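Visitor: Chain D: place on chain H using the hints.
Take a look at the letters that make up each chain.
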Amino acid sequence: MTQTPQRPPLEVRRLGRVPYGESLALQEQLVSARRAGDVPDTLLLVEHPHVITMGTAGSWAHVVSDAAERALLGIEMFEAGRGGDVTYHGPGQLVAYPILDLKPDRQDLHRYLRDLEDMLIRVAGDFGIEAGRREGKTGAWTSSGKLAAIGVRVSSGWITSHGVALNVHTDLRYFDTIVPCGIADEAVTSLERELGRPVSLEEASICLENAFGSIFDRHILVG
Amino acid sequence: MARIEVPMPQMGESIAEGTVSKWLKALGDVVARDEPILEISTDKVDAEIPAPAAGTLVEIAVQEGETVEVGTIVAFIDPEGGAAVAAPPAAAPDEAAPPVAQVAAPVAAAPAPPSDVDPGSAEERLRTRSTPVVRKIAEEHGVDIAAVSGTGHAGRVTKQDILDFIEAGGEPAPLPVPEVAVAGTASPASTPAAAPATRGAPSDLWQRFYGEVEHPEFPVRAADTVEPMDKIRRLTAAHMVVAKRISPHVHSFIEIDFGAVDRIRAANKKRWAEQGARVSYTAFVAWATSRVLREFPMVNATVSGNNLVFRGNVNLGMAVDLNPGLIVPVVHDADDLSLVGLGKKIVDLAERARARKLLPEEIQGASFSITNPGVLGTLVGMPVIPKGTSAILGTGAIEKRVVAVVDPDTGLDAIAIRKRSLFSLGYDHRIVDGADAARFLARLKEMMETFPEDA
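Line by line, the protein sequences are chains H and D.
Residues in the first sequence are numbered from 1 upward in steps of one, following the numbering used here.
Residues in the second sequence are numbered from 1 upward in steps of one, following the numbering used here.
By construction, these hints were calculated from the structure, which means they are not laboratory data.
Some hints could be false.
[As the list claims (entries may be wrong)] List of simulated lysine-lysine pairs, DSS-like, C-alpha gap at most 25 angstroms:
#, chain 1, residue 1, chain 2, residue 2
1, D, K344, D, K357
2, D, K387, D, K244
3, D, K419, D, K445
4, H, K137, D, K357
5, H, K103, D, K22
6, H, K137, D, K269
7, D, K269, D, K345
8, D, K22, H, K137
9, H, K137, D, K345
10, D, K400, D, K387
11, D, K357, D, K22
[Claimed, not checked] Restraint-style ranges between C-beta atoms, simulated for each label pair:
#, chain 1, residue 1, chain 2, residue 2, range
12, H, D176, D, L376, 18 to 26 angstroms
13, D, G211, H, E202, 54 to 62 angstroms
14, D, N323, H, A25, 29 to 37 angstroms
Small disclaimer: the values here were computed from a predicted structure and weren't measured.
Backbone N, C-alpha and C define an ideal beta-carbon position, used for all residues, glycine too.
Only chain D is shown next, with the shape it has when bound in the complex:
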């Protein structure tokens, strides 16, 4: 007997997607018909989703925090009750796929779907394993969805699957291989051609390390308060543990004079204001860093299995303090932007980060990161290297310091007041040698201290 699908319901005419906020039932739980099994959130509403039938919850296809289109299957219920339960969520990506494929195969052999069906019908979704968007594309191109291999949740046909299928001239694609498995097999002697296949797929080693993160517990004392970690904090905590465990961190420091930057800021302030641009010190740092990164490919790279992956784009992650909490929006192709362009982009991303209006792609794909502990007066920090990158720049407080200089008039040593800042580079010592880091920092210092007028 086929398992019963639980789709993300259509909760309103203009609602296209929903976020699974909480599973009220666990895998293996017996549920009654109409008993709430999960909560979803859309916009300002939280809604309980009841079970469409009585049975056992045998698979959870969408985890808490994930957002999916209306119609996407979020779970399966086995009406027979005692059937075997799919693998637990932690191991789900690779282990859950095969049983799903077995269910999907006979389904695919069913007669071609009528095209004017009610998208709300469970039977119809079972037949076509797709969302309304995909069905619409299929209809427009006269494609039988049953002939398309699905790589989505539970073997479902995603929008990309059907577009690929159409582009390939309608030939059935080879059986889907789970992404995780691809990443796992890309280890030794991987050809450049094999590399793109692993793009975006986290290695199973990384996943395993995440799975192993456990935070030891400590006794609570009478005057203490205990708050559960929210989702961002949980993710951050696990990420930091894994990042520190995987990358051997080394930090190097350099002091940078902001005299040249200040002169350019003073000379252009009025003009920039008229253009509606705010060009912060951070924009100068981002501009110089993005140019220097081009000269130091190992700093704009990552270790991936036994390979070194040198990133083809300079995508700068810029840490934004949410106080408390932190988010790292990404300036894609930062080396293509002018100084003013970068200034505007950074202000825009930071504002939208604080307003929680960032798009998913705007927090993904960083190849290098910049964090600014100095904004709060800190002398300098030793930041943790984000996963999938090889280095991070920390900028310290920019403040006036007493320094020894050579007086240009007399040629003698003199004491002067200069605006300066300590920069730190945290780097993954597997790929970046100490001398590379030193050269990178020296070049960055040179760029900052002789900042071009026409940036």
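Okay, chain H solo, but in the shape it has when bound:
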């Protein structure tokens, strides 16, 4: 294995379809292990079954569907323990959970958010899509809507969890069941909708891993 000594390693784990509850438990376990130094920085890549998750800044008022409708659509609900408001995850969405130790040189929450945005903007760019930031609205946006959402947790010792959700070929109608991030009247979009051609999660994963390694200056090990 060739490893550039200057760049710390990042273990990427492509886990495929994982129920949200399991991903929470796995992250919790990895945060402890990362804090103890038992694992390197880790990037989990998953796809969730339909789920609505609530951040700490969120309000159930932004879940506009009722329980019956959600049951009909097979949507689970969770309190996520991350920052931000309510969001939706589901098939066709690439969710990335970086478990990083931000010490010693990245202990700045805003910088971390901006870095995640840069990473997402770069991924969009890889597909020839022009994405950018919107003032006061964390995430990656195209002219037609929100392409990716961000919601992060930083645990004791500057260990990150939760992360980003990039719409690849998400069925965007599911977002109608919530007010994404508490921002009403904002459209959501996906790589597939922007491009007008099918895009696979694998294709998006490869771009995201590379962009992540480059922005966070990590050497990627695929686990």
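Guide: Just chain D now, with coordinates in the frame of chain H:
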């Protein structure tokens, strides 16, 4: 041994404040160094804050949901461990203050602080009991913070304290009196001069009623789902119970014809669209109400202890449905705004309410409220009077009805189709008599039905 302060940490260069989202430890809990004791949220991030030292959590100075500047002390840890715990949070505002003052006093006597200190140093904060903003002001004006009386959390010097101090010519202010105590002493024979001192301070009676709100529990059945109330729901629930318990509610109704309003809307629609204004029916109601309120001071008022407080401004709370959930942004000095101005303001507030972009002052200080159950087709509602006000207007569905009129051509009774709506006024019967309410509603009806062209 001094207690150790836990400040709101600087979690990033451009981060000026944080919200306490959750206390992971309770008062009296023993904590290890670096053990997470609370969670804060800023922007899109949730972060755990570890204990700076081992000891016992003896005071929580910032409650869940409160947002404070970086550097503000959120808790105190006693490294000795077994020390007495400050009063529980429910009673905190008045009871927690004295022990804090005792800690702060010897601290204030410490030597004047160096001015170029690292704002992150705990020792420095202990000496000056202030935030970076306050220290900057102190530095600019050459003020020794130790000489300023603090009214903030744990006796800390707030921005207002230091500005007051400078304005007063640098004389030490009298010892701070907790706001709650001031409100409590303002009872009988209170002079007008005493009144402003109680402004903004909720009475301790109100606080006590809140403390007493308990929702009875009921058995859950097999097919049921149980969800904990979120914060907005909890606050709303407690507020409704207390508001109903304190104010004797009475409701009166009147039917209002929207013919005049419709004619004005039709005549101006194009011009308003060009001005980028949306002048809804609600804007007409708000305009007329704000003018009529001036004539009925008891409807724009509140009972406060044994006093009646007549509000000097007409600040209209406008209920916005978040579906589910509700927020009431406030149009300050609504009686100073034109019809178009009100229309724009209402659209702006409602949009920002739904986008959660309201500023704190935009949901405070209402002197009267308007709610619109009619927007969903309801005939009319009987709304609850928000605390600190004496009345609320509910507007019902505006719909075409068959009514008896006098035919202007023949002078005979005739049946006509008119656009009409039922309005309800909920009022606090301690201050508003039934006849006052009737006169208010009659005047509002008159204003709505002969709506001025130049509003």
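Visitor: State for each hint whether it applies.
Guide: Here is what the structure says about each hint:
| no. | hint | verdict |
| --- | --- | --- |
| 1 | D:K344 with D:K357 | holds, 16 angstroms |
| 2 | D:K387 with D:K244 | holds, 9 angstroms |
| 3 | D:K419 with D:K445 | holds, 14 angstroms |
| 4 | H:K137 with D:K357 | holds, 11 angstroms |
| 5 | H:K103 with D:K22 | holds, 24 angstroms |
| 6 | H:K137 with D:K269 | violated, 34 angstroms |
| 7 | D:K269 with D:K345 | holds, 17 angstroms |
| 8 | D:K22 with H:K137 | holds, 23 angstroms |
| 9 | H:K137 with D:K345 | holds, 23 angstroms |
| 10 | D:K400 with D:K387 | violated, 35 angstroms |
| 11 | D:K357 with D:K22 | holds, 22 angstroms |
| 12 | H:D176 with D:L376: 18 to 26 angstroms | holds, 20 angstroms |
| 13 | D:G211 with H:E202: 54 to 62 angstroms | holds, 57 angstroms |
| 14 | D:N323 with H:A25: 29 to 37 angstroms | holds, 33 angstroms |
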